[in-house]
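> Sequences and hints are given; from them, build the entire structure.
2 protein chains.
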Amino acid sequence: MNIQHRSPLWIYDTTLRDGAQREGISLSVEDKLTIAHQLDKLGIPFIEGGWPGANPKDEQFFQKLKTSPLRQAEVVAFCSTRRPGNQAAEDPVLRPILAAETRWITLFGKSWDFHVTAGLKTTLGENLAMIADSINYLCQQDRQVIYDAEHWFDGYKHNPAYALETIQAAVQAGAKWVVLCDTNGGTLPHEVAESVQAVRQVIQDCQGTTQIGIHTHNDSGTAVANAIAAVQQGAEMVQGTINGYGERCGNANLCTLIPNLQLKLGYHCVEPEQLAELTPSSRLISERVNLAPDDHAPFVGLSAFAHKGGIHVSAVQRDPQTYEHIEPQTVGNQRRIVISEQAGLSNVLEKANHCGIALDKQNPVSRQLLQQLKQLEHEGYQFEAAEASFELLLRQALEQRPSLFELHGFDVHCYCGSLESRQQGGFSSTALATVKVVVGVQEILTAAEGNGPVSALDAALRKALVDVYPSIAKFQLTDYKVRILDGKHGTSAKTRVLVESTDGQNRWTTVGVSTNIIGASYQAVAEGIEYGLLRPCFKDSDECPIGIRAILNDLNSAPAKHLA
Amino acid sequence: MNIQHRSPLWIYDTTLRDGAQREGISLSVEDKLTIAHQLDKLGIPFIEGGWPGANPKDEQFFQKLKTSPLRQAEVVAFCSTRRPGNQAAEDPVLRPILAAETRWITLFGKSWDFHVTAGLKTTLGENLAMIADSINYLCQQDRQVIYDAEHWFDGYKHNPAYALETIQAAVQAGAKWVVLCDTNGGTLPHEVAESVQAVRQVIQDCQGTTQIGIHTHNDSGTAVANAIAAVQQGAEMVQGTINGYGERCGNANLCTLIPNLQLKLGYHCVEPEQLAELTPSSRLISERVNLAPDDHAPFVGLSAFAHKGGIHVSAVQRDPQTYEHIEPQTVGNQRRIVISEQAGLSNVLEKANHCGIALDKQNPVSRQLLQQLKQLEHEGYQFEAAEASFELLLRQALEQRPSLFELHGFDVHCYCGSLESRQQGGFSSTALATVKVVVGVQEILTAAEGNGPVSALDAALRKALVDVYPSIAKFQLTDYKVRILDGKHGTSAKTRVLVESTDGQNRWTTVGVSTNIIGASYQAVAEGIEYGLLRPCFKDSDECPIGIRAILNDLNSAPAKHLA
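Chains as they are written, first to last, in full-length UniProt numbering: chain A, 1 to 564; chain B, 1 to 564.
Just so you know, these hints were derived from the structure itself, not from any lab. Treat the hints with care, as some may be off.
Which copy is meant is left open, so a pair is good if it fits within one copy or across any two.
Listed below are the simulated DSS-like cross-link pairs for lysine-lysine, each with C-alpha atoms no more than 30 Å apart in a straight line [stated by the list, open to error]:
id, residue 1, residue 2
1, 361, 121
2, 436, 121
3, 361, 539
4, 41, 57
5, 57, 157
6, 374, 481
7, 539, 264
8, 463, 264
9, 374, 66
10, 57, 361
11, 374, 64
12, 57, 374
13, 436, 157
Here it is, written out as structure tokens:
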């Protein structure tokens, strides 16, 4: 693409304030600090921190930020205009905002006449005075003011003259920016364009230097397009949130907007090396707010550059631009070839290639593996995320998967002494697991406790094997996910468990499926241990434990029936 | 809103073909039939069923549909143009498409020169012949042809003259529709508008009656806005999928597009009573494809009309249009007042009101309940979905929650005899649960088996209580969801379980949280049974079982300390 380099655009992040309104998000002060520093690293110039005064957590956030300041970003405090009838200097809303000691303040006020009379229960004139006074006062206190025109688009639709008067009041009082907010998210792109033109005219008419910003919500599914429409009409600030978090259907997603604006429309938002931090930042923040990332999110989703149709896969390998709108690396994402029920042979070969194994189409192992994958996926297994389990299957088909241990049985026992009520701290329960495994000719029977059945089982299995395979001591479970596959069957449903393990340096994921959640968990945990032991050997490293190397050598010296 | 009634728009659904390309979706023939009939009920005029010939499942789908035909919709078969160098009449791609015996056929072909030479490895001229021949041949067989111009927008960007020639070929060969496809999803709305104008001109120039359609993908986060931009330039068919399912970042979401087009832009897509089926259809189909619904989806998401900020809630109650862009009922959704950590008092009161209890702010129970909710949500409980658990808490605070049974202990035992390999059908494991509950002065000890620990526990609990409370026999678990709250702690993480129960007529959801998944499940299952027993009594119905009514009467005659 040949794109002209245009003027800079100012990105304004409100993940910590508007984003946190999303159902299910609840941020601690520590969470907020971590996220703010991540946004700073990403090159976001304005970071809205919260509403000091409305919320003790937000006050603490601004205080703590003074001892660990951001490198480049301006942190912005958010509040409303003064209350009707008050003096700005004595208003209880404006006092705490000054105490936050930020250089920039975002003040929101009403643009929709209906909200003034029915919501604030004051006159249209007093609302204009509230806007002007509050901005004037904050400017006198040496603050730079961003004026958020709440419900701008609805206001402009219902009473355009009054809506424009509120903008005029803000411009004349000295606001650096007026930001047009689609608070209810009901606006479509063509309406945005028209309305930005009208605001530009008002600013010109009063010879103001105020710049225009845009703040959109996704209730019509067009938050990103609305922001783009405003930018194309001259807006120079874009407000949004990471991953589009926000109330109801969310805010404009900055992870979508930034690459669109920078890679497709040629605006400068962040440095190219910061853009490559977009995907990691999106995932880190989703982890911090404790929400599963949206795998299908544009640009940063796990599936954004995933290919599964057979035709696509062979074409994309020949020339990526045939099926990819941008290079995944520019936003820190990557191409993925997906193993799935619809997987063609070429996908399987590509995936094997990723494991360092060059299979070819003529090799009967390839078709056999494809059939096996289809059958397993039909039963509920999923190898899209569980790449370690895929590699174990592949090695097994190639007769390169030695038997390191065999389970001869397990027994898990959960006991709950008495039901205490929630208020007294929930259930006290203990779990005890017994496992019997066989390694070579040695039978090992052992038991361990845990605070749940799966952690007890995991502990017992490690305990049984650690003497034979000491590297197990380094392994740790880092993630445990449960998905009920057919919820309709209630507690008799099939359960899929994904377990992520680490040896301190590498991470790998394994899968188990069963109608019994304990059985599914055992399977994933056991494969996690197995893969951890075999991984260095598969990678042909000197780190392959001697005992395992011996087993592998035995295996390799046997005639390999399936290898062509 | 005052909207003019404009000309009809034709909605074309490709959930069953393009939508099924989404990672994690795998549809059986039965699934496809159910979804097709649901789309028909919703009033979608064109339903793309699949590619007969590419896939035995799709062939079966078209066959089976003949015995249970759709009421109104046209089912459409999908396939590519003939292969380079072949005769259309003898082409192996076109033969199975005729065997499907649909009136309408969608044929896709190449518009991007690069895909012709590098992908198909043929000449630009032969590609034009492939388009023309294939359409001509299908028209001769009395089929109505929709021509999908694959990679239209990239083709038009790279070689506009050739791209327009492919459209001309389709128009002259007799295609009823040409559909401009943004196959890679990289296009932005202003580019769509320009390109549709050019196509309109070509159709005019060759005096064709062909109509224009639009097919967009969401890789730039603008699939919906792109479709709208095309419609505003005269496109009369919109292709998309339910819930935006589709490869990578998905297709244009029909659940967003239909209400935007109909409610905001005044086009006629479906009947108003069909529009009110949109939310139920979206959820039914997400259940059928076995993907969790997106709670934050525009129009149809659980959170699309949810209000949690204190200010919003009091305002929205005064006048819904202050904070809602459309009336939720028009799309079959509803307003929700959300109980959350940030819940203000007014939210709690509103929620109590939904349970039929008029609490007021002055009542100390209100504040006490708010504190308790905040504490529990901090521990990982979530009452947003678990409204039955909320009502139990509320009744408890009001001293209206009788003790129907008390748990004195449970013991769950899972035994796995031996590890069979996956290929031999997975784990064989059994679970045995023992519970000791006390009802009044009666101690009941009983045990039951299940195919997993939770189903065994559920069975044991019902068995213990059914003699005392016979209505339990009607109850059933209908959904079971597990969420690991802090996956980073591996198997020691906290687990939240949501259980949905039914008595055949009503459904209700309860929640449990514990580090022990069995403990959390027990809690949710037990509250599900408790709520099911108390529900008719709370609702003041004659159906309240006599034994429970007696317990409640005792409770009510005691002095209620907390009631003001």
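> A separate judgement is required for each hint: does it hold in the structure or not?
Do the hints match the structure? See the list:
Taking identical chains as interchangeable, the C-alpha atoms of residue 361 and residue 121 lie at most 30 Å apart only when they sit on different chains, with a minimum of 22 Å there against 74 Å within one chain. Taking identical chains as interchangeable, the C-alpha atoms of residue 436 and residue 121 are never at most 30 Å apart, the minima being 73 Å within one chain and 60 Å between chains. For a Cα distance limit of 30 Å, the shortest separation of residue 361 from residue 539 inside one copy, 23 Å, qualifies, whereas the shortest one across copies, 66 Å, does not. Taking the shortest Cα distances, residue 41 and residue 57 sit within 30 Å of each other inside one copy (23 Å), while across copies they are farther apart (50 Å).
In this assembly of identical chains, the alpha carbons of residue 57 and residue 157 never lie at most 30 Å apart, being 37 Å within a copy and 51 Å across copies at closest. For the homomeric pair residue 374 and residue 481, the shortest alpha-carbon distances inside one copy (22 Å) and between copies (26 Å) are both at most 30 Å. When the C-alpha separation of residue 539 and residue 264 is checked against a cutoff of 30 Å, the pair qualifies neither within a copy, at 39 Å, nor between copies, at 58 Å. Taking identical chains as interchangeable, the C-alpha atoms of residue 463 and residue 264 are never at most 30 Å apart, the minima being 55 Å within one chain and 64 Å between chains.
Only between protomers do residue 374 and residue 66 lie at most 30 Å apart by alpha-carbon distance; the minimum there is 29 Å, versus 56 Å within a single protomer. Taking CA atoms no more than 30 Å apart as the test, residue 57 paired with residue 361 passes between copies only; the shortest distance there is 25 Å, against 60 Å inside one copy. For the homomeric pair residue 374 and residue 64, the shortest alpha-carbon distance between copies (24 Å) is at most 30 Å, but the shortest distance inside one copy (53 Å) is not. Within a single copy, residue 57 and residue 374 get their C-alpha atoms only as close as 50 Å, which misses the 30 Å cut-off; across copies the closest is 14 Å, which meets it.
In this homomeric assembly, residue 436 and residue 157 never come within 30 Å of each other (Cα to Cα): the closest approach is 72 Å inside a single copy and 65 Å across copies.
Of the numbered hints stated above, those contradicted by the structure are hints 2, 5, 7, 8 and 13, listed in ascending order.
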